[in-house]
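Letter by letter, the chains look like this.
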Amino acid sequence: MFKYNFKYELKQLLRSRWIQLMSALLLLLFGFATYNGLQKVEERNAAITTAQDKARENDKIMVKLLDSLDRELEVSIPSWRHPTNPMVIGNSYPRVAAMPAETFAFVATGQSDMFTHYKKPEVYGFSFIEDFTEMTSPVQLLFGSFDLAFVIVYLLPLLIIAFSYNVLSAERESGSLRLLGAQPIRIETWVLQKLGLRFLWLSVLVILTLLMVFLALGIPPLNKMKAFLGLISMVLAYALFWFALAFLINLWVGRSAKNAMSLLGLWIVFVLLVPSVINQMGSTLYPLPSRALMINEMRGTQADVLKNVDEILDNFLRDHPEYAVNDTTLQRNYWHSFMVAQKVIREELQPVLDNHDQQLRKQQDWVTQFKWLSPAVVTQEALNQMAGTSSQDYENYRQQVLDFSHEWRNHFVPMVYNNTVFSKEDIENLPHFEYQPLKGTFTGALFTVLGLSLFVYLAGILAYQKKSRDIILKTE
Amino acid sequence: MITTKDLTKTYGGQIALDHLNLNVKAGEIYCLLGANGAGKTTAINLLLGFIEPTSGSAFINQLEVHKNPKATKHFLAYIPENLMLYPSLTAVENLDYFSGIAGKKLSSAALKDVLEESGLQPDAFDKRISTFSKGMRQKVGIAIALAKDAKVLLLDEPTSGLDPQASNEFGIVLQKLKTKGVATLMATHDLFRAKEIGTHVGIMKDGQLKQEFVVEKITLSELEKCYLDTMKYEKESV
Chain D
1 MFKYNFKYEL
11 KQLLRSRWIQ
21 LMSALLLLLF
31 GFATYNGLQK
41 VEERNAAITT
51 AQDKARENDK
61 IMVKLLDSLD
71 RELEVSIPSW
81 RHPTNPMVIG
91 NSYPRVAAMP
101 AETFAFVATG
111 QSDMFTHYKK
121 PEVYGFSFIE
131 DFTEMTSPVQ
141 LLFGSFDLAF
151 VIVYLLPLLI
161 IAFSYNVLSA
171 ERESGSLRLL
181 GAQPIRIETW
191 VLQKLGLRFL
201 WLSVLVILTL
211 LMVFLALGIP
221 PLNKMKAFLG
231 LISMVLAYAL
241 FWFALAFLIN
251 LWVGRSAKNA
261 MSLLGLWIVF
271 VLLVPSVINQ
281 MGSTLYPLPS
291 RALMINEMRG
301 TQADVLKNVD
311 EILDNFLRDH
321 PEYAVNDTTL
331 QRNYWHSFMV
341 AQKVIREELQ
351 PVLDNHDQQL
361 RKQQDWVTQF
371 KWLSPAVVTQ
381 EALNQMAGTS
391 SQDYENYRQQ
401 VLDFSHEWRN
411 HFVPMVYNNT
421 VFSKEDIENL
431 PHFEYQPLKG
441 TFTGALFTVL
451 GLSLFVYLAG
461 ILAYQKKSRD
471 IILKTE
Chain R
1 MITTKDLTKT
11 YGGQIALDHL
21 NLNVKAGEIY
31 CLLGANGAGK
41 TTAINLLLGF
51 IEPTSGSAFI
61 NQLEVHKNPK
71 ATKHFLAYIP
81 ENLMLYPSLT
91 AVENLDYFSG
101 IAGKKLSSAA
111 LKDVLEESGL
121 QPDAFDKRIS
131 TFSKGMRQKV
141 GIAIALAKDA
151 KVLLLDEPTS
161 GLDPQASNEF
171 GIVLQKLKTK
181 GVATLMATHD
191 LFRAKEIGTH
201 VGIMKDGQLK
211 QEFVVEKITL
221 SELEKCYLDT
231 MKYEKESV
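Heads up: the protein sequence lines correspond to chains D and R, in order. Going left to right, the first sequence walks through residues 1 to 476 as our numbering numbers them. Going left to right, the second sequence walks through residues 1 to 238 as our numbering numbers them.
Everything labelled a hint here was simulated from the structure, so no lab data went into it. Please read all numbers here as calculations on a predicted model, not as lab measurements. Where is the CB? At the ideal position from N, CA and C, for every residue including glycine. Hints are not guaranteed to be accurate.
[To be verified] Derived pair list, reagent style DSSO-like, types lysine-lysine, alpha-carbon separation capped at 30 angstroms: (1) K112/R x K194/D; (2) K217/R x K176/R; (3) K232/R x K466/D.
[Said to hold, decoys possible] According to the in silico footprint, chain D covers these stretches of chain R (three or more CB under 8 angstroms from chain D): (4) 96-104; (5) 181-191; (6) 204-211.
From just these sequences and the hints, can you work out the full model?
Written out as structure tokens, the structure reads:
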């Protein structure tokens, strides 16, 4: 039966206008989404490049100023802005801590709209509560980005539903199912083969379309074969889930209209409802501490600390005799107090920060625990990981920036307390930031979606066994 | 070839078929006559295994249908009132598909021979079914039965809606199948056609087989009278 099903299903598909239209639509959607994603990545990279160029220009000015000051020439800036002061370097000549785009970042750009991709940590300020989110267009926040992940997670299932909702019911409604039912075949096997062939057709279409789009937009997939194959397998696993669902509904429900409504209902559940409920429950069960309250608490602590800053500084220098070598009360300035105040404030706020991180981790654990309920969540997360734009990626970046910020400040601590003059020779010793991306794998996501597909398929078989007797004539 | 023993089907207390006992042997054409709702189609659906009997049994080639649903279908062919095939495929392709999934692999020439035997004009062989009339589609249905080499043919009002010529041609093909030893059960409203091509006739009413005749022992007018008397009784009883 398979040979004949394959041969004639393929002929019918090739002769169907709807299939030709769907192929064109898929090409258009993938093409536009990839182009859109590339534009976003380009914007992101351009912003990073601009910041880095500006920093380089700044460094050149710094070198010139240091050179002039070294030769005791007159410079056109006030003395308190001279780069010979380490704190001027720490505040006015920061390094760019950038999170460059991964090769496949264009696949899922959704999260990238809401996060910054470069930071310039300074000595001044409270970097440990730094905000990493960026204001973006409210319209975009409402609808999300039209990227490949959006097309795959949201729109591809709709195309599959349109492609598969009436595989059995159309035969029943046209009358040809009675003729098929009179043949020595198992109807569930016939439906499975028919859907299998449509899945195969869609797979070929997806692979060819993505290849065409990638090549047309200058992303050679062969250079990143592993990532490309990963993308294809994730998309096909997700598509397989929707075909398995169509198999279940075709055998379980009945009329075409009912099938379509059932599948659309399930689309709402799996793509919209479950992800929202999981996220909402995570936020309700493990709410993040209010950022406004945290800032208030920080200000209160700061005020308290500043009242006793001299005493704190004395204690600090007692504990760190290496910084007290050149200390005289006359030489103490604002930065001496600032540095120690920062340290104390940070220590006092640490429980609040830990609570924030803990709640965030709990939220993420909650989502991880229940994400398998929706293949859309699993797929979106896998695509985000592939693109390097997942929550874990941004958290990883945030931690690296916070660590770098700490390193940057600490670099200047001995200079401040030892009253060191910053010179050209010190430039090469300045801390340098290099983003270390996560080495995420989506094998787990792939197997989760395949497992869900198998579960739905088995439910389809069970549905058939319960209703096999009236499958030919069923009208409800 | 086709046997039913006290075959009964009820739908929530409503009797659709009431203890039907039939025996159609090889080379016989049994015509089931009756008004709409008499139980003709229910009997055919039970023989096809599309529905389960409430009680009794149906047999095709001595195999009980509901215990061997797949096996019995190797022996039977079925043509419904409105034979629907795949409109985007040609007659040859439809025949190849249906005979193929039934396990009969035929060459291109053999497929065309079968279509010719069913009475379809050769210039229609490679035309898409969407351009076919009902009569032409019924011929492709006959071709599927021929290709399958079926021993049993179940027909559900196959000549309904056919023009007299197409109906006559259909009758001729059934006669050919009869000579090949095919046992045919045909549900129909057409008394004239039943008398012309049938070997046996049964009149059904309210799910029951009221009367049976051997066709050669009854004239058309006698058959018509019996049928009308049964229907009249039905109307009076209503």
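Handout entry: chain D over the region 96-104 of chain R, status - at least 3 residues with CB closer than 8 angstroms
Key = holds (count 7)
Exercise for the section: Count the residues of the region 204-211 of chain R whose CB lies closer than 8 angstroms to any CB of chain D, then report whether that count reaches three. Expected result: Result for this restraint: violated, n = 0.
Handout entry: Three-residue Cβ test at 8 angstroms for the coverage of the region 181-191 of chain R by chain D
Key = violated (count 0)
Practice task
For the pair supplied as a hint, K217/R and K176/R, confirm whether the alpha-carbon distance does not exceed 30 angstroms.
Solution key: holds (22 angstroms)
Practice task
Would you check the hint for K232/R and K466/D, treating anything up to 30 angstroms between C-alpha atoms as holding?
Solution key: violated (43 angstroms)
Exercise for the section: Sort out whether K194/D lies within 30 angstroms of K112/R, counting only the CA atoms. Expected result: holds (27 angstroms)
In terms of the numbered hints stated before, the structure departs from hints 3, 5 and 6, listed from lowest to highest.
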